[in-house]
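S.K.: Residue numbers (the working numbering), protein chains in the order written: chain A, 1 to 250; chain B, 1 to 356.
Since the hints were made in silico from the structure, they are not lab data.
All residues carry an ideal CB built from backbone N, CA and C; glycine is no exception.
Here are the computed lysine-lysine pairs in the DSBU-like style, where the Cα-Cα straight-line distance is at most 35 Å: (1) A/Lys4 <-> A/Lys29; (2) B/Lys230 <-> B/Lys290; (3) B/Lys230 <-> B/Lys194; (4) A/Lys14 <-> B/Lys226; (5) A/Lys226 <-> A/Lys7; (6) A/Lys199 <-> B/Lys19; (7) B/Lys8 <-> B/Lys240; (8) B/Lys42 <-> B/Lys194; (9) A/Lys193 <-> A/Lys219; (10) A/Lys9 <-> B/Lys226; (11) A/Lys4 <-> A/Lys14; (12) A/Lys239 <-> A/Lys192; (13) B/Lys294 <-> B/Lys272; (14) A/Lys7 <-> B/Lys194; (15) A/Lys199 <-> B/Lys194; (16) B/Lys194 <-> A/Lys193; (17) A/Lys14 <-> B/Lys230; (18) A/Lys14 <-> B/Lys229; (19) A/Lys29 <-> B/Lys194; (20) A/Lys14 <-> B/Lys194; (21) A/Lys192 <-> B/Lys194; (22) A/Lys9 <-> B/Lys194; (23) B/Lys42 <-> A/Lys199.
Quick list of the computed label-pair ranges, beta carbon to beta carbon: (24) A/Lys14 <-> B/Asp181: 52 to 62 Å; (25) B/Asn34 <-> A/Gln6: 48 to 58 Å; (26) B/Gln47 <-> A/Asp2: 52 to 62 Å; (27) B/Leu225 <-> A/Thr143: 29 to 39 Å; (28) B/Gly132 <-> A/Thr143: 21 to 31 Å; (29) B/Arg189 <-> A/Pro20: 47 to 57 Å; (30) B/Asp133 <-> A/Thr128: 17 to 27 Å; (31) B/Ser205 <-> A/Asp2: 24 to 34 Å; (32) B/Asn202 <-> A/Gly245: 20 to 30 Å; (33) B/Lys229 <-> A/Pro20: 37 to 47 Å; (34) B/Ser205 <-> A/Lys14: 16 to 26 Å; (35) A/Thr143 <-> B/Glu38: 45 to 55 Å; (36) A/Thr128 <-> B/Asp195: 31 to 41 Å.
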Amino acid sequence: MDIKYQKSKGLTDKPLSYCPGCTHGIIHKLVAESLEELGLLDRTVGVASVGCSVFSYEFFNCDMIQCPHGRAAAVATGIKRTHPDGIVFTYQGDGDLASIGIAETIHAANRGENITIIFVNNAVYGMTGGQMAPTSLIGQKTTTSPMGRDAHMHGNPIHIAEMFSQIDGVAYLERCSVFNLRQVRNAKAAIKKAFTYQKEGRGFTMVELLSTCPVNWGKTPQDALKWVEEDMTKVFPLKVFKDAGVETHE
Amino acid sequence: MANKVLMKGNEAIALAAVKGGVEAYFGYPITPQNEVSEYLSKYMFEQGRVFLQAESEVAAINMVYGAAASGKRVMTSSSSPGIALKQEGISYLAGSELPAVIVSVMRGGPGLGGIQPSQADYYQATRGGGNGDYHTIVFAPESIQETVDVMKEAFDVADYYRNPVMVLVDGLIGQMMEAVDFNRPVTKRFLPPKDWAAGGMNGHSGRNTICSLYLDPYELEAHNLKLQKKYQAAIQNETKFELVNMEDPDYVIVAYGTMARVVRSAIEILTKKKLNVGMIRPISVWPFPKAPFKAINRNCKGILVCEMSLGQMLDDVRIMNNGALPVGFFGRAGGIVPEPEEVVDAILHFEQRRVD
Ligand SMILES: Cc1ncc(C[n+]2csc(CCOP(=O)(O)OP(=O)(O)O)c2C)c(N)n1
Ligand code: SF4
Ligand SMILES: [Mg+2]
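Could you put the whole structure together from the sequences, leaning on the hints where they help?
M.R.: Okay, structure coming up:
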């Protein structure tokens, strides 16, 4: 029999623990396939952050280290500095990266740490049950912004990719999503490029991925994808923010 | 004497770490321990080892976590408010069973406090501010020589137990200079290879994961019991203390670190006054020594606890004494190193010092 599709060797056989319709799973698959296709699994160390993806240390088929909430970029720095030939990535949510861990992330970027950050932005604290995140949209109802996020009271959604594009140590930075097949393909190319740049020692690489949380958004999986496409991308435009491999003519 | 060099405490800590085989250092500036990182920033670079000034103590301890989890000998150093920020990381190190050495050079507190030498972080070191049922093994040396000896050994102890080890000194030990020999032998321990480390699958067979998460309460309890077994072994094997003049003392003083040096001078003065005073000097403050308290002569008139704080180790002495003898306390706070005469006076007026 002809094998048309196989699960990536970059994933273990452990069933994913994500809710139905959650796109964390698709992003896992893209990271795993990228590492496998680039032949990097053997020398990769992944850092699992605190959030719904905390169990990613059971899912990625490489050495994995689970770390304190927000500290993934610092933990990754400790690994990479002592294992310069290794490939080190973190997998972080928006609460983890953009709120409690923003200092560690900015400084890792500013030092040009040769690591890759997979930043999964679902505009909410998924794991703790749907509280407001720094990335929640204006008007978005969450368990801690029941009247909807209000700019005066809560501030505006934080634009991580835009902010980080100002940092010299960043070699590659793209915001992608996975709400349709084309976007999935594009996201995979971005992730692969980030790991390739890391392999080449070009510096800090990050791919921000707009992701769904149908459970905490109170939406069906289909509506959740639609919300990403129509609402989230308006606030968080999909684009390449920085690419050290491309000549810029300004 | 030929092997001795005159060195500042903080620099000696740094060099002892190098001799102890440290492969990576991460830290954030804070007085009175800056010379540790300043020294290492040059030395580690020259040796091709890793030195990095982190953006905060929180980041530094997590860099330590990453390096330890991927199998390297790693350390950080800081002082009181900085150690406060490292507590989460220390709990994670203990929970994930990772070896690392943390140097704490105490200054006065609470809050920003001051920068003079103090012992106000005994609770912080021995009780810890991190969450969960864990212990940090803590050595509290009294001289630069002992600090160097303890530093070199600390890495082996951390590796052996797969647990964080703290070297607890005060700003006086960090800042003063003494003659020190770096080549004194270290107790040989059997250290198994770090085949658990997650530094890439090309370094070992199979896939390694490091974590401290156990959602199933039975699994977590089993993990807690496993940690507890290690702590029991550490209590058995790592308890360290020195006894001074403990044959048949009228009074016993308990003191550690810089305070113990002051007490030594006080004991000399008291001997001239025909008072026989001994000292129990804990070198490991966790595990805290138990045996010497059991061995105190019953006609001893009391135990005086002396600290450069307002009474923290006092709790451990009370536990070990268990009501057997009267207990008194003398302490100065805020960064004041007491004069020996103050200790002499406290012994002469022991009844007024009673806290039992
Ligand atoms: C120090 C600390 N504070 C709070 C928490 C509780 N906590 C667990 S996950 C989480 C937020 C996760 O949200 P995010 O990073 O957006 O990931 P998601 O679950 O949405 O993928 C929080 C606050 C914690 N584990 N540790
Ligand atoms: S809570 Fe949200 S982010 Fe977490 S697994 Fe479920 S859908 Fe995904
Ligand atoms: Mg989130």
